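First residue of the sequence shown? That's 1 in this note's numbering, and the numbers climb one at a time after it.
I should point out that these hints are in silico values taken from the structure, not numbers from a laboratory. Quick caveat, the model's predicted, so the values are computed rather than measured. Do not take every clue at face value.
[To be verified] Result set (DSS-like, lysine-lysine): computed pairs, CA atoms no more than 27 Å apart in a straight line:
hint : residue 1 : residue 2
1    : K56       : K34
2    : K224      : K137
3    : K224      : K56
4    : K56       : K75
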Amino acid sequence: MMRAPAAWAVAVRRPDGVIEAISHDLPRLTARSKLAKVPLFRGVMVLIESLQLGFKALSWSAEKSGEEDEEISKKEIIGAMVFAVFLAIGLFAVLPVVSAKWLAGFLGDGSITFVVIDGIIRIGLIVGYVWLISRSKDIQRVFQYHGAEHKTIHAYENGRPLDVESIQEYSPRHPRCGTSFLIIVGVVAFFVFLSLAELPFAWQVASRVLLVPLIAGLSYEVLKAAAGQSWMAWASRPGMWVQAITTKEPDNLQVEVAIASLLAALTENEVVEVKQRGAVAPGALAAEFG
Numbered sequence: 001m002m003r004a005p006a007a008w009a010v011a012v013r014r015p016d017g018v019i020e021a022i023s024h025d026l027p028r029l030t031a032r033s034k035l036a037k038v039p040l041f042r043g044v045m046v047l048i049e050s051l052q053l054g055f056k057a058l059s060w061s062a063e064k065s066g067e068e069d070e071e072i073s074k075k076e077i078i079g080a081m082v083f084a085v086f087l088a089i090g091l092f093a094v095l096p097v098v099s100a101k102w103l104a105g106f107l108g109d110g111s112i113t114f115v116v117i118d119g120i121i122r123i124g125l126i127v128g129y130v131w132l133i134s135r136s137k138d139i140q141r142v143f144q145y146h147g148a149e150h151k152t153i154h155a156y157e158n159g160r161p162l163d164v165e166s167i168q169e170y171s172p173r174h175p176r177c178g179t180s181f182l183i184i185v186g187v188v189a190f191f192v193f194l195s196l197a198e199l200p201f202a203w204q205v206a207s208r209v210l211l212v213p214l215i216a217g218l219s220y221e222v223l224k225a226a227a228g229q230s231w232m233a234w235a236s237r238p239g240m241w242v243q244a245i246t247t248k249e250p251d252n253l254q255v256e257v258a259i260a261s262l263l264a265a266l267t268e269n270e271v272v273e274v275k276q277r278g279a280v281a282p283g284a285l286a287a288e289f290g
């Protein structure tokens, strides 16, 4: 899946070997809303929109996989996503604070100790969860496509031709990756909750859920600053390290799918500019664009 300033696209390779891609204009939420330019608000809006686009991309890709395998219904996808959201809240918001309360009784019952333990557990759970799912062969293939996306974006942003050889020269890691966002969320959450360390325990638990929008907004601003300002590059480094888990070196066929997705997300003028750079991967050009 690729996202451009005005559109988003997703591409898959069908069982017959042909790449198929679709693109849509971005929802009104961030493409046209004035709030999309307001710090803090824009981070929350991007998060909501990302969930919305992720659902649409999953639905379409599941439909394509269903042409050969057992069809996956939209209800099943919605159910899985709702379950994933509640699991994430329980695992990364509630479990750390409850565990920290228990451990603080052994290590010292100070409020600062409690928040430090909570933060360490939260970041540890995020990294541990990513590492655990990376053991799956299916997820490793997903991470290869993740690497293909990043390599393709690197080549595009550096003005290189979108052929497989040029793209494979780049790193599969990217500073604006969602992995970096996850780690930054963990760090920002630590400092936010540190300022609330004196709250009663019940409010500590509630704050982990109620302040998700604020933390997401702050984290987005940090990620944006880290990508645009050299002196802030340090903020994205932990996420870049974790991308050693979440991105893998893709094969050439996977890179072709990433190229097709990017082409589908670009405007006609941008596609013309890309073609003027040099050869574009034939497999991507031969894709069926919906």
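Hints, one by one, checked against the model:
no.	hint	verdict
1	K56 to K34	24 Å, holds
2	K224 to K137	32 Å, violated
3	K224 to K56	25 Å, holds
4	K56 to K75	12 Å, holds
When each numbered hint is compared with the structure, a violation occurs for hint 2 only.
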